[in-house]
Each structure stands twice: as C-alpha cells, then as structure tokens.
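Given only the sequences and the hints, what does the whole structure look like? Please build it.
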Amino acid sequence: MDAVDHWRSQLEAWALPQDLLDAVPWNPYEWPAELFSRRDTSVANQDLAERHTNAVIRRFEPVSLIDIGAGTGGSCLQYAEEGVAVTAVEPDGAMAAKLRSLIAERGVTVDVIEGSWPDAAGLVLPADVVTCSHVIHNVPNPGPFLWAMQSVARRAVVIQEFEVHPWAHLGPYYRQLHGLDRPVGPTVDDLVAVIEELLGLVPAVERWNGGRPMWFVDRDELLTFYGRRLLVPDDRRADLEAALGPHIVELGNGRVQLEDREKAMATIWWRV
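First residue of the sequence shown? That's 1 in the working numbering, and the numbers climb one at a time after it.
In short, the hints are calculated from the structure, not lab data. Computed from a predicted model, the values in this text were never measured in an experiment. Please note that a few of the clues may not be correct.
With beta-carbon atoms standing in for the labels, derived distance ranges [said to hold, decoys possible]:
{"id": "1", "residue 1": "Tyr29", "residue 2": "Ala242", "range": "21 to 27 Å"}
{"id": "2", "residue 1": "Leu199", "residue 2": "Ala242", "range": "46 to 52 Å"}
{"id": "3", "residue 1": "Leu199", "residue 2": "Asp111", "range": "22 to 28 Å"}
{"id": "4", "residue 1": "Gly107", "residue 2": "Asp5", "range": "43 to 49 Å"}
Every residue gets a Cβ at the ideal spot worked out from N, C-alpha and C, and that includes glycine.
What follows is the structure, given as structure tokens:
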C-alpha cells in the first residue's frame, strides 16, 4: 500500500457506525464557532504557536499569506494586524461569519473566501507563505489539497498538525460508552510520507508538546460538547457524566477542561 492509500484507509477507519449516527439528531463533526474562537485565542495556544509554527513562518518574512481552513482566525489575524496581506479560506459559514466579526472588531483587513480547499484555489492570488493548521486530518484525498497549496506558494508551505488524529484521545470514552474501538492514526509520519510521495521532497519537521485542551464555562457546556462528539443521546446523560466526570479538571473561575494533558504537535514545512 502506498502512502496516500495508507493515509486514506486510516481516515476511513474513523467512520462512525450508522446506528450511532442515527441515534442522535446532531452532526458530531460540527464545531460551534464560539468554542472554536475560544480555543484559538487562548493565551497558552497562541504562545506555543508563536514559538514554533509562527517562528517558521516568520523566517520567510511574508508580505502575503494564505491561511487554509482559517476557522475564526486564530492563526492568521495576528499577521493582518502586522500589515501582512492575508487571505483566509474557510468552508464553514458560521466560522466565516465569526471571523468577519473579529476582523471588524480588530479593525484589520483580511480577504475572507468562504469555500473549501482546493476548490477555492482558483479564487486566491499567490502568496509568500501558504499555511494550514489542523486541517489535513479532515482530507482523505491529500493530493489535490497539497498540490494546490504548493501551486500558490511563492516561498514556503507551512503546516501545523497533531501528532496523531485529533480525536484519538476520545478512544477510551468511545470504548466505555459504546464498546467501540477507535484508531489512532494517521500520524505526522504518515503525512510526511504522503508529502514525499506526492511532491517528491522531504519536508522539515519540528515536533513539540503543548496546547492545552479547550476550556468550557462549566461542566454542562463541556458535557454537551463531548456528548455530541461521542454520540451520546440525551437520555444517556448520566452515562456520559460517569465516563467523563473523573477526567474533568477545574481551572478556576468556574472554567473546566477535559483531562490535564498537553498535545503532541508538529510543524511541517518546505521551501517552494
């Protein structure tokens, strides 16, 4: 099996059983824009990105930057504040709306393109640096995605990604609540193999630990969010609390998070 097929097969292994999907009225993959923004703008996450991924981006002294899967702007708004010409590509309408409100609030200029990548590649002008953060684990066919990134980059492509699949930490809860075993990959090493196979180059990889779990205003908000991720119907709320409760960490000021852990991350980049 080649690297691309291996990547695709590992993502396909994450497919959720239809009976679990049918048992709830929601989409477990949806991100509430407000929570996503909260995660992006946490001081700890910003400081870590500044020391690692942003440090790589700044080596190339970009005058222009494209952020693919920009979410609510956690990665790109700071560059707009510094005068970099930023294009933010975001497929989710609620995320794009939140991003536009933050752009207006900060008084910066960002060209927001509401669309998916690589479909939106024809709508952007080339930029010095093309980047994406925590997007490629959602891309089962990485070839067109990576080729399009490279085609519009003048100086470098920079990718920030989790070392393993971003839902890997939920595996024990799926097992406890549904008797369902979950995979762990694909990994950063798998992504590097894909890049080598598709683009014929060996990217640089900087591995680092950091980024705290997202915080919630109270236990109810946390349980609601993870109940959706874990496909737990409302009538099993007690089961959900029994599974997650021992792992909820109090942060003070009423805030809580699931588990006290750092995430293994990587910054992957190459010159164009």
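Hint by hint, here is what the structure shows:
1. Distance hint check for Tyr29 and Ala242: the Cβ-Cβ separation is about 25 Å, which falls inside the suggested range of 21 to 27 Å.
2. Between Leu199 and Ala242 the beta carbons are some 47 Å apart, a value that agrees with the proposed interval 46 to 52 Å.
3. Taking the beta carbon of each, Leu199 and Asp111 are about 26 Å apart, inside 22 to 28 Å as hinted.
4. Between Gly107 and Asp5 the beta carbon distance is about 47 Å. The supplied range of 43 to 49 Å therefore holds.
The structure fails none of the hints (numbered hints given earlier).
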